[in-house]
Amino acid sequence: MKKIFFTFLFSFVTIVAYAQTTMTLSGVVKDGENGETLIGATVYIPEFNTGTVTNEYGFYSITLDAVDKDSISVEMSYVGFQNQMNRVKVLPEVRLDVELGTGVALQEVVIKANSYNEVLKSTEMSVETLNPKEAKLIPVLLGESDILKTIQLKPGIPSGSEGSTGLYVRGGRSDQNLIVLDEAVIYNASHLFGFFSTFNTDAVKDLKLYKGGFPSQYGGRLSSVIDVKLKEGNKKKFEGAGGIGLISSKLTLEGPIKKDKSSFIVSGRRTYFDLITNAINESNADDPDATQIPGYYFYDLNTKINFDLSDKDRLYLSGYFGRDVFNFSSDFFNFNFGWGNATGTARWNHQFNPKLFSNTTVTFSDYQYEITNEVTGFSFEVGSRIKDLNLKSDFYWALNNRHTLRYGIGATYHQFEVGRLQAGSDDGSISFNSGSDFDGMEFGAYIGDEWDVSDRFRVNGGLRLSAFSNDNTLYSGLEPRLAARYLLTDNVSLKASYARMKQYLHLVASSGVSLPTDIWYPSTAQIEPQRSDQVAVGATFKLWDKFLFTNEYYYKWLDNQVDFVDWAELFANQNLEQEFAIGKGYSYGTELGLEKREGKLTGWIGYTLAWTKRGDFVPVDPNGFFGEGTRYFSPRYDRRHDISVVAMWEITKRLTFSSSWVYGSGDLAWLPTGRLTFQDVQGGTSQVVLPVYRERNNFRLAAFHRLDLGLILKFYPKWGESDLSINVINAYDRRNAFFLFLEPEFAEDATPGGEVFEIPERIKATQVSLFPILPSISWNFKF
Amino acid sequence: MKKKFNYIYLFAVLAVLVSCDLNQEIEIELPEYTPQITVECYVQNGKPFNLLLTKSVGYFDPLVLDPQEYLEQILVNDAQVSVVVENETYELVNGAFLDPTSFTLNNYASSELVNFDPGTDLALEVKLADGTVLSANTSIVEPLEIDSISIEFNEVQTDMARCLIFGDDNDPEVNYVRRMLHDGSLDSLVIDFVATDEFTEGDRFVFGSDYSFERGDTVINTLIHINKEYYDFYQSVQGAAFVNGNPFGQPGQLISNIEGEGNPIGIFTSISVDTTFTIVPE
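Going down the list, the protein sequences come from chains Z and P. So the number in the working numbering is just where the residue sits in the first sequence, counting from 1, plus 1449. So the number in the working numbering is just where the residue sits in the second sequence, counting from 1, plus 260.
Okay, chain Z solo, but in the shape it has when bound (with noise of 0.2 Å):
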């Protein structure tokens, strides 16, 4: 009896154990090559058809209620990879760290639908995803894989001129846009004045864009987040790889410090313009007629190094420095003009159970500029820094299979110096100092909680809120995040998000053109946080299982937006913010991409349609001019349509040919109406033709168009692959103007004498492009 009971009690037991067991299951998502953790790759669990992604940091937690079976499938698919589907026990616990295996290169690969529905079934909207391979695949100018430029070709991330690497999404400004480069802050992301981006594609692992929608654990800017993360390097084995274009050469090496353990990377590149124009200057130094060439080159390091401490703990450490330096140097003066950034990174990940993992940061973040020039006994020295010590703790939580829960602290102390300027004699009898120094703290802690109501619907919920203090002065607020998706049907999916954001620090710039010159500012008394509100709603279509379809509209309010009074002094002045004027704007549109990622010919198309206002701007010094006055105007960077093709074709395994053709409405440009006469007093300066200026940025340059073309040959040596690359920029010799210039016209005339002399006729626009057709080659190596 007692028998037959325990044997009855046993199998009711597990009858109800199978029945009732709730089930979670994490682990670590990783390349199967390299060991690198895979961010945002897929976990999906057929029986239950339900899933999640991986985080950042290649973690994945997933719980399952009411398991009745003693196993489950699990699929693990990440893009470019085989897809792996395991077996597991089903237990409450359980562990399962995965290495998914290429197999093949990316462009043979059947990407599965499954990417796609990851976009589909996320709240996550109007974001921009790249892939650093796909990068490395797109024409770029002069051979400079450029993943920043590159993701300029996604709809609604319009660029600023050609050359240029300011962003203006969404009808933000370019200083709207928090950059970040494993969670350190970078002030400014160019290098050569925006031809390039500091950013070596060959260091970085993954770049992310938010546009709108963003999530509670952003903070700080306006327009958009652009979230850059490097590669933790080779942990299986040691390999290098580099490249030799046209005007640089840059060289990677990663590998295990202990296999499967612990690894390091090391990533640099560097110009050599410098090393040929320093050449000649050397063999013209007898010449006293020869004139010397400016000197000029950049280079950047990324270095980083990790450690798995343990099964629930990993530690990352990694840095980058980059500087770009122009010199120019005679007889008789010495000029130097050098910028650049410095971030330094220690992260901490800690998995505290099976549902909660942690990662803690310090960073630091150094931008600075400096120009210092030395005549015959007088020398002058200007620049301008801002430095960040910031350390924050993030936390994600898989508290059950219908809700997952993020928050996180974080506190940044900020070190301004503003404007600095020392000038004097060499025997000092003549000396000027001025400069402003500020500190400020900005606090940030949030908490958002991704809740699956249903299964066809799902919220995304968060709160920040904000801080920044400063001498006296405290700013705090309240920044609501709401992101929804409702799946229409399997192929469909329409979205919604809401999201304020406060920005405390602000970029004083002379002119529309970013230029490493331009000074960061903090908030202080009279300069309130911006602040901008900004809703979306948008559609996402999987069409055939082989392309994606998105259509996104947006309004976005925008509230204390900087700018400056007329004739504003901006340089070396103590009471810079006296130079402010704060408005208002806002801007709207419409974005519609159509992207296709399987088989042989891949790409997309993406149109922006938009229009950005700016306006009823008051100066923060009542005796201030705004010639504008409370007018609403367009500024430059209003761009009303903006559309860009990418195809990249495989066209055999060694052959690919890729292609980009872009078209933008053009800049904008405040050209004079009026010239007058203006006479001066005595010993002055008479202007014969002196520009009245009236409503700002009242002319449209020609839209903008440009086709590139690109074709890389691959090889595969004995030692490892190599490539050849070969683009042509501005495939059909488009003339976009790059600036417009005023100038006289002149024209002949004679004198009663006959001698010819040339009298000016009109005023005439002349528009400067930037190149021409420009053909391009480089060899990139790997081993």
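Because the hints were derived from the structure by calculation, they are not lab data. There may be inaccurate statements among the hints.
[Unchecked claim] Each computed DSS-like pair below joins lysine-lysine, with the alpha-carbon atoms no more than 30 Å apart:
| id | chain 1 | residue 1 | chain 2 | residue 2 |
| --- | --- | --- | --- | --- |
| 1 | P | LYS488 | Z | LYS2033 |
| 2 | Z | LYS2213 | Z | LYS1657 |
| 3 | P | LYS315 | Z | LYS2213 |
Assemble the complex: chain Z is given as a structure, and chain P must be docked to it using the hints.
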């Protein structure tokens, strides 16, 4: 092989040819421009009221080079101009008034000489032929003098000298000045800027130059005490002149103190001028 090389060479030449000339002229279409009345009037004790009244033209309109035609195009000679000072009205008559020393031209002037105490308010009124009334206000500035000059020679290049000028800045209020430096004659302007003493300490001012004067050169220092309206206006004029033709300059509107309909531009202000001539010792 030779044929292949020729093709490559030809391609390179063609590439260079098509690559040349990145400039191209473009047509500018802007809304029709309505001329704006421009006033220049610098009130100086010891001189009559002199005013230049002109009008602007479209920026891209053809340039008129004949001086007669040019003046006819820009001068406004049918207005009534007056200045009110302490309830007394001074009429400025229309004519062609050319100062033989400064070669400045004005088309309205008074017969009376200006002689008012610092701080005296002045009000300008210009009635145009179409009935539009323009107005502006200013006040007489305190005199500000250069009380000493120093010539210093370079220790290395001993034949090169610089010039320093000094003066008292006792006024606790913010002062605005325009500092000019000429080399040899008033046609050779070397330094010209406006400045404020708002951020300097002490009650002395000093302005200098670099070591660019040779022995025997004539150094002409001019210090003009100005009002804030002129400081703002002249900065905007310098800015507009700098931006003219400069594609990377940031434009702005001229900061004028002339009020009235039709967006008038210009300056009505008081100035006090001190000019010194110094010869660098041999």
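**Structure-inconsistent hints, enumerated in ascending order** = Of the numbered hints, just 2 does not hold.
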